[in-house]
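Peer 1: Chain order of the listed sequences is Z and S. So for the first sequence, the numbering used here puts the first residue at 388; every next one is plus one. So for the second sequence, the numbering used here puts the first residue at 25; every next one is plus one.
If you are wondering where the hints come from, they were derived from the structure by calculation, not from laboratory data. Model, not experiment: these values are computed from the prediction. Be aware that a few hints might be false.
Every beta carbon over 12 Å from chain S, so not counted as near; a handful from chain Z, in silico [said to hold, decoys possible]:
{"id": "1", "residue": "V396"}
{"id": "2", "residue": "H471"}
{"id": "3", "residue": "K474"}
{"id": "4", "residue": "T487"}
{"id": "5", "residue": "E536"}
{"id": "6", "residue": "E793"}
In the DSBU-like style, the derived pairs of lysine-lysine whose C-alpha atoms are separated by at most 35 Å in a straight line are [to be verified]:
{"id": "7", "chain 1": "S", "residue 1": "K183", "chain 2": "Z", "residue 2": "K478"}
{"id": "8", "chain 1": "Z", "residue 1": "K510", "chain 2": "S", "residue 2": "K334"}
{"id": "9", "chain 1": "S", "residue 1": "K309", "chain 2": "Z", "residue 2": "K474"}
{"id": "10", "chain 1": "Z", "residue 1": "K423", "chain 2": "Z", "residue 2": "K763"}
{"id": "11", "chain 1": "Z", "residue 1": "K508", "chain 2": "S", "residue 2": "K158"}
Virtual Cβ for every residue (Gly too), placed ideally from N, Cα, C.
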Amino acid sequence: MMNATETRVPVTVLTGFLGSGKTTLLNRILTENHGKKIAVIENEFGEVGIDNDLVIGAEEEIFEMNNGCICCTVRGDLIRILGHLMKRRDKFDYIIIETTGMADPGPVAQTFYVDDEMQQKLKLDAIVTVVDAKHIWEHIDDAHNASDEAQEQVAFADVILLNKTDLVSPDDLDRLEARIKSMNSLAKIYRTRDAVVEMDKILNVGGFNLDRALEVDPKFMEPEYPFEWSGLYHLPAGRYEWVMGEGPDPVMGMALLPLPNTGMAAREAALMDAVLTFAEAEQPVQPGEPLPVGKGQHNQLVLNERGETIFQIVIEQPGDYLLFTEHHPDEFDAHLCSADAVLEPLATREYKPDHEHDEEVTSVGITIPGDLNLEKLNGWLSQLLRVHGQDIFRMKGVLSVRGWEERFVFQGVHMLFDGRPDRPWGVELRHNKMIFIGRNLDRSALEGGFRACLAS
Amino acid sequence: MSRVMMQRKDKPKPPSAALKTLWRANIDDHIIQLAWSPDGKMLAAAGVSGPIMLFNGVDGVVRHTLPGHTLDTMAISWHRDSGTLASVGQDGKVRLWDTETGAQTAELPGGGSWVERVAFNPTSDELVSAAGRKLRLWNTGGDLIREYPDANSTITDIKWRHDGQQFAISAYNGVVQYDPIQPEPLRRFQWQGSTLTLEWSPDGRYIATGDQDSTVHFWITETGQDLQMWGYETKVLELAWSCNSRYLATGGGTQVVIWDCSGKGPAGTKPIMLEGHQHLIKHLKFQRNGMLLASGGNDGMVGIWRVERKKSALLTSATFKDPIAGITWSPDDRCVAVTDEIGTVAVALL
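Input sequences plus hints: build the corresponding full structure.
Peer 2: Written as structure tokens, this is what we have:
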């Protein structure tokens with residue numbers, strides 16, 4: 388996939404909060420025997436030669452370009468230092484830029500798009516973010532301490548190291564990885580201890596591996612659901628009770644759908660039915676009232692202010708049922724009871740919720756078959772970026788454009804983007820994949836806009 | 025009608041000038057700056073890796089190789105009497121050299137780890153250096169005369185007005201004008217963008233700047249008015265004034281764009297465009313007293329142009345294998361010195 392005539396020097400940007408292990412990783416890179424001649428630009432001291440390598444100190448200077456447009460901020464210090472580095476006779480094979488803990492990676496990445504000299508001679512290979520697996524939560528989710536910088540460092544990354552894995556339990560790590568993925572589905576995530584990682588995982592990764600990102604994690608393309616949980620029950624005809632304790636909300640959405648059998652196909656069909664059901668207007672159900680069952684019945688359970696609330700369920704057709712709840716039943720200590728016992732579901736499943744982190748950083752991935760009309764695409768993208776450029780941190784895409792034999796690959800940072808044809812499609816099925824990472828992303832609007840760019 | 029006839033008659037004549045190489049040398053280094061001594065006897069070539077070569081202007085014999093700066097040399101400037109050369113570099117120092125003996129006469133702290141700019145006053149013994157945001161004024165003896173309040177951001181250029189009475193610096197946010205005898209700036213010309221280089225018009229009326237955001241500005245020093253020129257392909261690092269202060273030649277693309285400041289210009293006028301380079305133009309220099317312009321580009325071409333409102337033309341050109349890294353006219357305007365990115369230094373007689 389790498390262009391054979393590529394002569395640009397690759398650049399890796401290393402980000403991460405203070406104490407994440409970023410400096411440990413940098414030292415590892417410098418001492419590892421990788422046969423590369425590396426120049427490092429960092430914020431701490433002046434110029435120092437380490438064997439073959441060179442460390443240059445930089446003072447972060449963020450410049451707004453285009454008369455104040457915030458999306459076009461760049462790092463003036465980097466333009467100067469990198470420009471000078473390119474003149475040296477002892478050419479470097481590789482450049483690493485270490486940012487300060489609180490640095491916004493946006494201007495660093497944008498620097499490689501706005502300056503011709505940079506674009507001609509250097510290539511942003513990847514943004515690598517080191518995350519302190521124990522303390523990152525407070526920076527991304529704690530309402531009081533959450534920082535835009537930490538979120539953006541995760542959002543901008545091509546590679547994320549979940550470091551200090553020895554300090555957290557495997558369960559917490561799984562939870563963290565899932566959370567990080569919800570913010571940035573594109574990044575490759577590695578779990579590390581003392582920042583130990585193979586060099587080829589972080590250097591020369593050739594950032595543009597959209598295909599790989601999608602193939603490794605197909606789940607990421609999974610839609611978000613309007614419910615968080617489902618349970619499979621086998622219910623003979625009779626009377627049941629759905630019992631709920633107090634919970635975080637005074638109401639909860641719920642649907643109970645019959646299953647023809649317990650096979651995968653039937654369950655998937657019921658899942659689609661549930662999505663449609665939850666799209667229907669909610670029907671309030673008061674405490675003690677019977678709960679309507681079936682497709683299209685989107686119930687809104689109204690809870691008592693205090694204590695337990697019981698809803699009646701009458702099953703006329705014995706068989707298998709899937710019960711979908713807006714929130715996880717554990718949050719309400721909720722359970723289904725027969726006349727004499729609490730029923731355990733035969734199987735459960737959790738879903739990625741879509742309503743939780745509106746203000747937060749998320750990824751939206753869209754795949755559609757067919758060919759795009761380049762003109763429509765340009766029109767849509769320029770409009771989209773003009774309005775939402777500040778919230779869209781990164782975009783990547785592999786597109787099938789009508790009339791082009793090659794795949795059109797592009798990536799962007801805020802309002803700037805760089806696209807070019809790469810290899811021919813050949814026998815591969817032509818299709819379009821696009822990923823957005825940013826704040827307040829509206830999946831359906833993005834998908835609708837993208838779809839409207841198809842050539843008719 | 026008659027106009028068309030006129031133009032036909034006046035179509036560009038074949039080149040009437042030719043370049044004759046006087047001497048050529050090869051240094052295995054990227055020359056960051058070429059500078060003739062004011063008396064024309066020596067050509068200094070500062071290599072990015074440190075050493076500074078002093079060549080005999082007429083035959084290219086190396087008179088001295090100054091060690092320069094242990095880490096990269098960034099800039100050099102001649103004293104008006106040709107006896108002293110100042111250099112600055114990434115060792116944080118300003119160094120003064122006796123160009124007769126090759127000995128270092130002073131080593132001064134620039135105030136930061138990278139000293140990027142240095143400029144001798146063309147009419148006195150004063151020297152200004154810039155390291156990051158630090159701006160210092162020295163005399164030839166190496167005494168610190170003054171340290172100015174820090175600039176807003178890293179200083180990208182320093183230029184003296186041709187009469188030596190004032191100087192100006194460029195940085196992010198525009199230009200700041202100083203009188204060397206006052207610690208406070210005379211005037212700020214503000215622009216929300218990164219100003220990369222500046223040139224005073226010889227008559228002192230304008231300060232022209234080239235900017236990262238692909239603009240050129242003409243600041244009218246008297247009033248502070250800003251004339252902005254848009255539409256460049258890329259950032260503008262190449263500016264050259266003609267000796268009569270009429271024309272400003274600018275790069276920022278593959279064409280030389282020349283603004284005419286006569287009459288009501290340059291605002292609202294159409295510039296003269298010179299075509300001939302295949303890639304970005306990287307260097308532009310007008311003769312000191314004549315109207316010929318030398319250009320050098322990433323295509324390795326050096327062009328010598330006659331600049332006139334109606335009939336500018338490429339008089340002659342030469343092509344190097346690598347991109348041009350520097351061009352400078354000898355003080356008598358008869359020779360042009362050129363270097364390319366692999367360290368070829370050539371002096372040609374026009």
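Peer 1: Next step is simple, just say for each hint if it's right about the structure.
Peer 2: Hints, one by one, checked against the model:
1. V396: holds (15 Å)
2. H471: The assertion about H471 (chain Z) is violated, with a minimum of 7 Å to chain S.
3. K474: violated (4 Å)
4. T487: Non-interface label on T487 (chain Z) holds, nearest chain S Cβ at 17 Å vs cutoff 12 Å.
5. E536: Non-interface label stands for E536 (chain Z): nearest chain S Cβ at 21 Å, farther than 12 Å.
6. E793: At about 25 Å from chain S, E793 (chain Z) clears the 12 Å cut-off, so the statement holds.
7. S:K183 with Z:K478: Holds, at about 31 Å.
8. Z:K510 with S:K334: violated (43 Å)
9. S:K309 with Z:K474: holds (21 Å)
10. Z:K423 with Z:K763: Outside the cut-off at roughly 44 Å; violated.
11. Z:K508 with S:K158: With Cα atoms ~30 Å apart, K508 (chain Z) and K158 (chain S) stay inside 35 Å; holds.
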